[in-house]
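Visitor: One-letter residues, chain by chain:
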Amino acid sequence: MSAVDLASAALWLAGAGFFLAGTAGLLRFPDVYTRLHALAKVDNLGLGLVVLGLLVRAEGPAAALKLVLVWLLALFASATVSYLIARRALRRGIEPWRGEGP
Amino acid sequence: MAELAGWLAAFLLANLLVALVRVARGPTQADRMLAALLFGTTGVALLLLLAEAQAEPALIDAALVFALLAAIAGAAFAQRAWREEGGDERR
Numbered sequence: 001m002s003a004v005d006l007a008s009a010a011l012w013l014a015g016a017g018f019f020l021a022g023t024a025g026l027l028r029f030p031d032v033y034t035r036l037h038a039l040a041k042v043d044n045l046g047l048g049l050v051v052l053g054l055l056v057r058a059e060g061p062a063a064a065l066k067l068v069l070v071w072l073l074a075l076f077a078s079a080t081v082s083y084l085i086a087r088r089a090l091r092r093g094i095e096p097w098r099g100e101g102p
Numbered sequence: 001m002a003e004l005a006g007w008l009a010a011f012l013l014a015n016l017l018v019a020l021v022r023v024a025r026g027p028t029q030a031d032r033m034l035a036a037l038l039f040g041t042t043g044v045a046l047l048l049l050l051a052e053a054q055a056e057p058a059l060i061d062a063a064l065v066f067a068l069l070a071a072i073a074g075a076a077f078a079q080r081a082w083r084e085e086g087g088d089e090r091r
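Protein sequences appear in the order of chains G and X.
FYI, in the numbering used here the residues of the first sequence are 1 to 102.
FYI, in the numbering used here the residues of the second sequence are 1 to 91.
Looking at chain G on its own, in the form it has when it is part of the complex (with noise of 0.2 Å):
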């Protein structure tokens, strides 16, 4: 185990953590506003930290520019979408939770 691999693995490991994170928000969390909150951390934490650990492995620059791109694709992809969907759900008259009950 290089150090290379060492760091992936590390890194990898931590993006995982992220997503669990994520998931487990997304099934806890009271509605959906929250829910968004959740999944906003899986992507640019979680898929960063992968990202990440494919950077460290990637033979040139050709690739790890892609990986990136990969990455950024995404996070835009996913902020789009996030917003769409909360600016729906708050025009459908879902009250966001305002921490009262459980």
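Just so you know, the hints here were simulated from the structure itself, not pulled from any lab data.
Mixed in with the good hints, there may be bad ones.
[What the hints assert, rightly or not] Derived pair list, reagent style DMTMM-like, types lysine to aspartate or glutamate, alpha-carbon separation capped at 20 Å:
no. : chain 1 : residue 1 : chain 2 : residue 2
1   : G       : K66       : X       : D61
2   : G       : K66       : X       : E56
3   : G       : K41       : G       : D31
4   : G       : K41       : X       : D31
Following the hints, put chain X in place on chain G, whose structure we already have.
Guide: Chain X alone, transformed into the frame defined by chain G:
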């Protein structure tokens, strides 16, 4: 090293299946739409890890296309899917 990537890919898949519970149970339509988001991100991470596990660089391009499709599907879902619930806004 490659089998760690494989195991992580399996973990992400299990993550995805657990998230389907929210899709089934989600009270509002918006909760079901969250799945489109989660599938996009987790799918991309899954493909990237598989590209590493099987030393198959073509899967990175598949992840790129998948991220793009997740964006379009999510946006279309958010814009169109709520029409039948008595869409009040006439645009």
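Visitor: List, from low to high, the hint numbers that the structure doesn't satisfy.
Guide: none
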